[in-house]
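Going down the list, the sequences are from chains R and D. The numbering of the first sequence is the numbering used here, which starts it at 1 and goes up by one. The numbering of the second sequence is the numbering used here, which starts it at 1001 and goes up by one.
If you are wondering where the hints come from, they were derived from the structure by calculation, not from laboratory data. Treat the hints with care, as some may be off.
[Said to hold, decoys possible] Label-pair restraints from in silico Cβ distances:
| # | chain 1 | residue 1 | chain 2 | residue 2 | range |
| --- | --- | --- | --- | --- | --- |
| 1 | D | Glu1186 | R | Arg32 | 46 to 56 angstroms |
| 2 | D | Ile1136 | R | Trp98 | 57 to 67 angstroms |
| 3 | D | Lys1138 | R | Glu83 | 55 to 65 angstroms |
| 4 | R | Asp64 | D | Arg1444 | 41 to 51 angstroms |
| 5 | D | Thr1081 | R | Trp98 | 39 to 49 angstroms |
| 6 | D | Thr1081 | R | Glu114 | 45 to 55 angstroms |
| 7 | D | Val1378 | R | Trp98 | 25 to 35 angstroms |
| 8 | R | Asp64 | D | Thr1081 | 15 to 25 angstroms |
| 9 | R | Lys63 | D | Glu1069 | 26 to 36 angstroms |
| 10 | R | Asn135 | D | Val1378 | 21 to 31 angstroms |
| 11 | D | Ser1071 | R | Arg139 | 28 to 38 angstroms |
| 12 | R | Trp98 | D | Asn1110 | 37 to 47 angstroms |
For glycine and all other residues, C-beta sits at the position ideal for the given N, C-alpha and C.
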Amino acid sequence: MSIVAYFKEEGTAATSVELISEVEQRLYREMRFLDDEEYRKWTDMMTADVHYFMPGIETRYRKDKTDQMNDLSRMAYYNDNLEELGKRIDRLETGTAWSEDPATRYCHIISNIEVETTANPDEVLVYSNFLVYRNRLERDEDTLIGNRKDLWRREDGVLKLARRRILLKQNVLISKNMNVYF
Amino acid sequence: MPIENMSGPRPDYSRYMDIEKGWVDRRIFADQAIYEQELYQIFARCWLFLAHDSQIPKPGDFITTHMGEDSVIVVRQKDNTVKAFLNSCTHRGNKVCFADAGNSRRFVCNYHGWSFDTAGELTGMHEEYCYEEGDINKADWGLKQVAQIDSYKGLIFATFDETAPSLETFLGDFRWYLDALLDNEEGGTEFVGGTIKSVIGANWKFGVENFIGDALHAGWTHDSGCRAMNNGEPFPPVDMQNSFHASVNGHGWEFGMEGVGDIFLLGRPKVMEYYERIRPQMAKRLGEVRSKIFGSVASASIFPNVSFLPGIHTFRTWNPKGPYELELKTFVIVNKEMAEEIKDDITKGVMCTFGPGGAFEMDDGENWENCTTVNRGVVTRQEKLHYGCGISRKIDHPDMPGTIYRGQYNDSNQRLFYQRWADMMNAQGWDDVPERHKSQLNGRATRDIPSMKKA
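One chain only, chain D, in its complex shape (with noise of 0.2 angstroms):
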């Protein structure tokens, strides 16, 4: 059964936007209801990103994470495989585990010593004795596991909803986008050791719909970071000809076909140089144009709540803390093969552009914040936001999947972003969510399809 919405009647969502006219309602960043009915339409439903294969490699390696606003543990297994539970114990509900990362054999809850194997099943507790013949059958009162566990390329998502489609199904096309971030290099990817989290006073969607589309406030709302990385010189002037958002079912990356820029500022020379050596080969691997779309100024989002960074190599969810906060927490992905001196020159450039005292992403807060607060007036609430730019400039591109729209200034991927926020929270199940993108590439691996005229 899915996670049942305990919840009364809902609104119709698609009455919050315009998405043929291109405007989007305050209140979905705003309505603590609204809020509500995110946790159990999208966050209780899709597929969240949990961790990267690299953070727990050996049995009993854990993390704990967020899902929606449900604690969770994610645990490596002694047979490789990764289980992740409930952080909340059977017995009053308190936390089991208190660290953002470890390896344990077993979590033990601090309140009445009730304990739990790293596969969450209930193995004993404190002054069992007590417990006589029929009072508890152990097998019952396991952590309460999610739904469905799998992973893409290293990364590990789950869900708390077994009635939803596959990991595969759920990313569907985009995933021809995302072998360009994780497998343009044969031994895939990795995180770099660590985590950084921060706290952001705005609405998660702020993040989500920078992230997949709005290259237009790189060159404003960066301009300064821009310039510090830069050697006093502004952003490059965007190639709109040949520049693309690409939307498959509310996943969104936008993109140059220039191939550097991402790198570019990230400010490292060394790194520079790896991608150009090693561009070749991606270019075998993952043919000509995702050789060039990774690497080019670009960003990405994975619905819900996932965001990267191709080329500068942060990673990060935005995690929903109530409609007025987010929670961000920040990774940084390389490729395995590197030497480390190329990955702690990379950790050192995402440090000094995307992490909280870096000299983009500094910016980038305020205006969320203000983006946000500003809705507490409930006349403010009531306008419209503007989401037009681009709105006539559908393409159908022969080499790519997913709807397509061409410049890369446009607000196409956060409409359909938008656009299928709706759909999640109008869907009683997943039969009844539109598949707006139908899928071309379901079943097959996307790495060795060069092109959609190969596909």
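So here's chain R without its partners, still in its complex pose (with noise of 0.2 angstroms):
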């Protein structure tokens, strides 16, 4: 299987505030269109060659040397460009999507963000944590935590999302489901 040294680059600390306080405002942004389904504003933040990644993990010891963190050819719960992650919100659209009717209630909660600057001045990496809740129905409820390494491109003077990383925090995910967003 082929094994892609995929999203391992690294970036120096930004300083500049004003930099660091757009790029939390887009993340916050983000979150809140995932917590209102509002998903086709939530794609539009998105450059056209996106890469949405979030492996599945399983667990090893520390000497095993499996790539599980890079390697696209791996199981995956998502490993989607625009297109793909398009068709899973189409699913939503068809009105027959039962088991998010009634709606789903979602929240979703960033933190530790951290900005990087590139050697490309319109790029940068940017780290944070996630606490996605949601509960449905009566006592249905998932709570999902994890890391997320991302890549944002400015796009006509738009910071837009060019590559996301999510690492799930769960072996076996302890849900029926991943109809969620990161």
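Two chains, each in its own frame: build the complex with the hints.
In structure tokens:
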């Protein structure tokens, strides 16, 4: 299987308060769109070549060198381009997505935001942590927690999400499905 | 000796259903005592899927998994055979392996440092000098081995019951169908790297019975998924004349004969092209009939708890965790000969359709959870469930082995799954398990038999 050196870029801590604040506001806005199920507005914040990646992480011993975070050929919850993300969202708009009707209640909380500049003046690396809570019907309840590493690219003056890697801190997904975005 | 069933007298489990009339008693999805019996009578006796050969290619490669609720380690040996043993130290019972997969020369308990080799033999312990002559014969204290282990075309199975019939006999004529998945191209199959596991608050049988024969739910439950993956189009109508249920002693495969439906649902044009290209070869290899079964709108389960979708390439086990919970382990199965690009495309397609975030999978879990949890109500629990669809459509088909019903919309594979379930639950030993489908192909390789007319 092909192992791609996927997301190993490193940057330099950003010093511009203005830039950091701009990034933070973009991250919060994204999560508000997800809380409100405004999925098209959410994907409008992405570049056309976005890659949205959430690998499945097996429990392995420390000495094990299997690259579970960067090998794109392994099983993943999400390994999507914009079209594939779009198809998942299409489902929600059919009117027959039964497991979302009645609606699920979502709350996305983002913290630990860190911004790094890169060699490319239009691109920044962004680290963050998430806590996504969802609750539906009577007492269905999930709390999903993890880290993200993003690449945001400025296009026509606006920062857009170009790449995101999501690491969920669960081995067995303690939920019946993953009808949720991060 | 088979694993001793430590509980007292058992009821007649056939009374929990009437497969002639077409109903099943809900208590089999809810009752703790019945669940305990399933662990003894089914999971401690039947051949259970452990791993694909490709997951553990090199000596020392291992995966950990469950047989029923028993934790086991599956390891490739130096001579390339595979052993499986309990993941539980013989000293105080702690687990000796905590990884899902990896490579190791030994499994060492964290508690007192008892060390076992890849064959499960006890080789040493921390401060071994404190054991004096006569305290322990290490050869007697290895990890408990499964009673039998064998594989069929890459799929490794094991049973805890040394009196169980061979794997070939257990799979029986279902091998003829399995070849359509496992042997449709030279080189056979492999699993893609990784495993995705999730928890569904449902009885394990709801997953198995859904895949064994519930074509009917697809067009309704998965309308949204189908339209999403298929440019707004709903499921195509089913050809009730030319689609079937096939059941072999509790294993089952429901299928159309159009050859493309499931591959189409994967939503990957390159994969479609791939199969169109190899289909003439597949027809030569397996015969026309199976080359049409493969890739059609279809789903299948191997008794008791393995399921797959040929053409969509998802392969999974439904692991029991009490009457009200199952753990779903999913894999992606591909042909070894495929180019990396096709394998990657399939993997993406599977995760878009039948991963936990897949457009199809996400509507299943909620159904099964509610089918299960409503039975906490003692009044609800005493009601029957209807399994009578297509009950009079049994046919003899000249090409296909097994018990065949016409029309893909049918409950027959499910009825026969529950019949096998009751047979296993009632049997004192394997001699008591009725052979509901008399094997016609036992002792013969099934790949080269294109149709039962030529058998």
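Here is how each hint holds up against the structure:
no.: 1; hint: D:Glu1186 - R:Arg32: 46 to 56 angstroms; in the structure: holds (54 angstroms)
no.: 2; hint: D:Ile1136 - R:Trp98: 57 to 67 angstroms; in the structure: holds (59 angstroms)
no.: 3; hint: D:Lys1138 - R:Glu83: 55 to 65 angstroms; in the structure: holds (59 angstroms)
no.: 4; hint: R:Asp64 - D:Arg1444: 41 to 51 angstroms; in the structure: holds (42 angstroms)
no.: 5; hint: D:Thr1081 - R:Trp98: 39 to 49 angstroms; in the structure: holds (47 angstroms)
no.: 6; hint: D:Thr1081 - R:Glu114: 45 to 55 angstroms; in the structure: holds (50 angstroms)
no.: 7; hint: D:Val1378 - R:Trp98: 25 to 35 angstroms; in the structure: holds (27 angstroms)
no.: 8; hint: R:Asp64 - D:Thr1081: 15 to 25 angstroms; in the structure: holds (23 angstroms)
no.: 9; hint: R:Lys63 - D:Glu1069: 26 to 36 angstroms; in the structure: holds (29 angstroms)
no.: 10; hint: R:Asn135 - D:Val1378: 21 to 31 angstroms; in the structure: holds (28 angstroms)
no.: 11; hint: D:Ser1071 - R:Arg139: 28 to 38 angstroms; in the structure: holds (30 angstroms)
no.: 12; hint: R:Trp98 - D:Asn1110: 37 to 47 angstroms; in the structure: holds (45 angstroms)
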